[in-house]
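J.: Okay, here's what each chain looks like letter by letter:
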Amino acid sequence: MTLTIAHTVDDALTAMAQGARPIAGGTDLVVGHRQGKAPLPAQLVAIDRLTELSRVELASDQIRIGSGVTHADLMIDPIVVGRLTAVADAAALVGSPATRNVGTIGGNIMNGSPAMDTGAPLVVLGAEAVLRTETSERRVSLADLWTGPGTVSAQADELCTGLVISTPTTQHGSAYVRLEYRRAMEIAIVGAAASVSFDGDRITSLRVALTAVAPTIREVKGLDDVVDQPSFVGTGGVIVPEVLSRIGSLASQQATPISDLRASDRYRSHVVGVMARRAVDAAARRAAGEEISVPVNRAIGIGAQR
Amino acid sequence: MTVLSSDLPPFRRADGPDKVTGSGRYTADLSVTGMAYAKLCFAKVAHGRIRRLDVTAARELAGVFAVITADDVPDLLYSPVIPDRRLFARDVVRFEGEVLAAVAAVDAETAERAVSLIDVEIEPLPVVNDLEAALKEDSPLVHEDWESYEATGDTPRDRNVATFSSITKGDAASAMDTADVVVSSRYVADGSHAVPIEPRSVLAQWEGDAVTIWTSSQVPFEARAGVCETLQLPTNRVRVIVPHLGGGFGGKCGFHFEAHVAALAKAAKRPAKLVFSREEEFLAPDRRRESMIVELTTGVTNDGEIVARQGRVLIDNGAYVADAAFFPQLAAMHVGGPYRIPAIELEASLVYTNHQPSGSVRAPTAPQACWAVESHTDELADAVGLDPVEFRRRNIVHTGDEGFAGQVYGEIGLDECLERAAASLAASVAEVPLGSHEATGVAVSWWPSFGVPAGANVKMQEDGSVQIITGAQECGTGAVMTLADIAADELGVEPSDIRIVYQDTAVAPTGPGATGSQTLLNHGRAVEAASRQIADQLRELAAAELEAAAGDIVLADGQAGVAGSPGASLAIADLAASAAQADLLLGSASAPVPEYPTVSAVCVGDQGMAAWLAPQFSCHAVRVAVDPDTGVSRVLEVHAAHDSGTILNPIGAHGQVEGGIVMGIGQALTEGTQLGEGLQRNAGLLEYKLQTIADVPTISTQFVEIDTPNAGPRGSKGLAEAPNVATAAAIANAIRGVIGSSVRTLPMTAERVWSTIEEARV
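Protein chains in written order, with our numbering: chain C, 622 to 927; chain F, 5 to 766.
Incorrect hints may appear among the rest.
Okay, the calculated beta carbon distance ranges per label pair [what the hints assert, rightly or not]: (1) C:697 - F:25: 56 to 64 Å; (2) C:866 - F:763: 48 to 56 Å; (3) C:866 - F:697: 32 to 40 Å; (4) F:763 - C:805: 28 to 36 Å; (5) C:805 - F:273: 44 to 52 Å; (6) F:273 - C:673: 51 to 59 Å; (7) C:785 - F:38: 25 to 33 Å; (8) C:805 - F:283: 38 to 46 Å.
To list a few chain F residues with every Cβ distance to chain C over 12 Å, as calculated [as the list claims (entries may be wrong)]: (9) 187; (10) 540; (11) 596.
Since the hints were derived computationally from the structure, they do not count as laboratory data. Note that beta-carbon positions come from the ideal geometry of N, C-alpha and C, so glycine has one too.
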């Protein structure tokens with residue numbers, strides 16, 4: 622096995638053109654190897670020292686997250702927490718402090734797991750992945766990137782250098798909520814992210830995506846009739862319960878989960894609806910200006926404050 | 005008492021700095037010159053007949069020093085009570101972790117490759133994996149030749165029933181007819197695991213005809229005995245040393261792979277070291293918390309007095325009996341519980357299956373049985389309209405009462421445990437009222453102390469420093485470290501002047517090690533007695549110098565003084581220096597075993613578990629929140645009160661209770677082995693979900709300290725296992741309080757709680 626340490630992105634792209642696979646935190650690659658899922662590639666190029674990949678930048682209409690940004694950084698980055706809050710909610714729930722300190726968002730999305738926590742938030746926020754080779758650069762939507770559990774449409778020599786997201790409008794909020802059997806070292810059994818924008822008391826945009834209930838992160842369809850309906854109750858900024866229930870039902874109906882050690886398909890279908898409802902509620906409340914700290918899982922719900 | 009009072013500065017563990025700085029060495033850290041790497045070849049099927057086991061290709065692989073199988077060790081059956089297993093499988097495999105062969109190679113990768121080259125063909129046999137089906141006449145047998153096994157003691161056996169026990173007092177059927185209300189319940193608990201953080205490791209090195217074995221064992225003397233029995237070696241030729249041990253929780257009790265590695269090292273003609281993966285730690289040891297089915301019927305009067313109980317318990321033994329022969333009687337004691345029940349009829353069976361063998365994991369049988377009986381108790385309280393605390397108040401055993409099995413108790417503190425834990429919780433609820441999806445739950449429990457022989461050597465050296473040489477084993481609890489406090493108190497020196505030498509069977513007197521909450525109870529009595537011998541010598545020396553009666557000499561603060569004469573004293577270090585030139589200061593004692601109480605109940609299959617030495621009592625009271633939409637339960641508070649006699653080491657004692665509670669929460673909510681056709685499906689820490697520090701609730705602990713006679717040193721009882729018993733039961737009762745019905749399977753996972761809510765809705 623050879624390991625090349627890249628000092629520039631171009632170094633990394635050259636190595637990848639010659640067949641190397643990138644490694645940053647190694648939390649999937651190394652663990653997968655140890656568990657006997659897949660042997661380590663014969664050639665690796667380390668990209669963890671590329672500072673140009675580890676920045677979050679806000680341009681006028683666009684936020685760019687470098688692929689080397691760690692989960693630990695995402696959960697406290699002011700741009701992410703302030704404008705892409707669902708991503709911070711998700712990053713804060715990933716694994717343990719050790720995992721979060723080395724695991725990167727680029728590795729997360731290129732691993733293509735339908736159980737990844739940051740996936741659903743990025744989908745509802747409309748993120749696109751930036752893929753570069755020595756000679757090209759393209760943007761691809763996450764729906765097009767993820768082709769199945771653990772598979773992506775990127776070519777072997779394409780390096781994900783980051784994600785670009787249109788800067789959300791002012792009356793906007795997002796949230797990610799996950800089912801947890803315990804409060805650390807947990808993997809998503811089901812989860813849901815929501816992104817909500819308002820104009821006054823009307824919803825102008827609503828997107829919901831689901832974690833771990835389909836071969837890839839699944840966006841909930843058929844939410845159009847929720848948009849442009851008056852949805853505020855009083856001045857609390859809460860979407861009416863009937864609408865939340867409808868969204869939850871749509872989520873449950875569209876989920877096609879499996880039964881495994883973690884949960885039955887029946888339970889997953891039910892709970893993903895609960896998660897969707899809660900994510901939309903939290904996102905809407907954030908859009909209305911309510912302070913709900915990151916992550917939502919610790920801020921509200923059963924025993925959350927204790 | 006100058007050293008053992010609770011207002012002292014924090015207790016410092018002698019092994020603490022090693023462990024927290026990383027300088028401590030665990031077995032896996034050790035290397036010796038020329039060492040080979042060992043790997044075991046496991047059956048990987050639950051039940052089958054070996055048709056082919058060909059190790060030729062593995063032996064021929066470059067870098068392989070030895071491959072051994074059943075043909076390379078003495079052909080004999082071993083195990084306590086019912087010898088039913090061999091070191092290496094011969095003819096039949098009965099669980100997936102059964103060892104077929106062992107390989108020694110130049111490195112770990114070569115050893116693993118060699119194992120993959122072993123040619124195994126196993127013809128599948130029907131898998132026995134259902135406790136009730138295993139009892140039927142037409143069930144396949146786990147051991148076709150069970151009748152030929154030479155069991156010892158009172159062990160009724162029948163086909164797949166490895167052992168059976170019953171406890172009968174009075175006429176339960178007639179008494180049941182006099183009850184105003186009769187409640188029947190059935191509960192099923194899944195198996196679970198000890199999960200020590202250190203997967204075990206064994207290193208064996210022969211020098212001539214003697215072998216030294218470094219191993220991750222809680223019980224070095226039992227490990228030595230196992231090696232001697234299976235490899236047919238005299239005791240004097242086997243030395244077992246335990247480096248730092250990374251936890252055990254019972255999982256490292258007994259004798260496991262020490263003989264495999266010793267035999268392998270002999271065949272390889274060089275030292276060999278085995279290090280388990282986490283998966284192997286889950287699959288192979290014969291220590292797993294047993295799954296259990298509990299059926300109970302109890303009759304009560306309208307004013308809440310229990311008049312009769314009938315019960316049946318089935319315990320999953322797995323493929324071999326290991327140390328589980330006594331489990332039926334112990335489980336029966338727990339489904340009776342610490343209650344006054346005038347008429348009772350309990351039956352319990354240990355059932356052979358093709359699962360990993362069960363064995364003593366922290367308080368074996370008790371958390372599951374307590375969960376069942378205490379859930380049942382809340383159903384009884386409900387049935388007669390009594391508050392759960394009040395119902396228990398009317399039925400538990402108090403000082404002087406006769407327990408259901410006929411033991412009459414001396415001074416015990418169960419009633420005070422109940423009152424104190426309930427009051428502590430009530431005070432919290434008064435301060436922070438219950439939320440909309442919150443409820444409280446309470447459970448009482450008990451656990452025996454085990455008195456067995458143990459010895460200790462103590463020596464005071466020329467500078468007044470002291471060495472304790474003990475067969476006790478430190479498994480993480482810190483109990484061994486408390487031995488220094490006992491000796492310091494006897495000898496009038498500081499605990500920091502004392503060094504504890506343990507972990508080596510060639511050096512220390514025999515003792516039980518870290519098993520059955522016995523470290524202080526048994527090893528403590530020996531250290532106390534041996535220290536007293538030196539204290540007596542010091543008093544004699546000081547008396548001669550100070551011209552006082554030996555009986556008036558007081559040893560304290562490093563000085564030998566005379567009672568009532570503040571001016572007259574000698575430094576203990578000076579006395580020690582004098583003694584070093586004359587009669588050495590040596591103490592050596594084997595503490596007498598306390599006398600066991602008797603019972604009046606009729607016990608079939610008596611394993612000595614129906615009457616308990618120095619029983620420990622406890623009550624846990626909890627506040628739990630349940631998310632009604634997902635079934636996720638969260639334990640917010642645990643208020644514990646324990647009667648473990650006198651508390652010798654308050655900081656260590658609090659640590660034990662807190663650790664036991666967290667383990668209990670895991671058993672309650674997330675920890676359960678999932679099986680498919682006899683094979684474990686979640687043998688790893690991703691899918692077997694331990695509690696994490698982030699899940700730990702507020703824990704408040706109180707000790708009801710009773711100076712208990714005929715028990716451990718200074719009126720102490722055990723405390724290692726008791727804190728693990730009542731937690732899941734209390735949580736179950738709180739969950740029931742929130743959702744309105746009992747969750748009848750353990751662990752009470754989110755999905756099971758949700759399903760229970762759903763079923764109640766229909």
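J.: Decide, hint by hint, whether the structure agrees.
T.: Now for the hints, and whether the structure bears them out:
no.: 1; hint: C:697 - F:25: 56 to 64 Å; result: violated (30 Å)
no.: 2; hint: C:866 - F:763: 48 to 56 Å; result: violated (22 Å)
no.: 3; hint: C:866 - F:697: 32 to 40 Å; result: holds (36 Å)
no.: 4; hint: F:763 - C:805: 28 to 36 Å; result: holds (31 Å)
no.: 5; hint: C:805 - F:273: 44 to 52 Å; result: holds (47 Å)
no.: 6; hint: F:273 - C:673: 51 to 59 Å; result: holds (57 Å)
no.: 7; hint: C:785 - F:38: 25 to 33 Å; result: violated (59 Å)
no.: 8; hint: C:805 - F:283: 38 to 46 Å; result: violated (22 Å)
no.: 9; hint: 187; result: holds (30 Å)
no.: 10; hint: 540; result: holds (54 Å)
no.: 11; hint: 596; result: holds (47 Å)
Hint check: violations occur at hints 1, 2, 7, 8; the rest are consistent with the structure.
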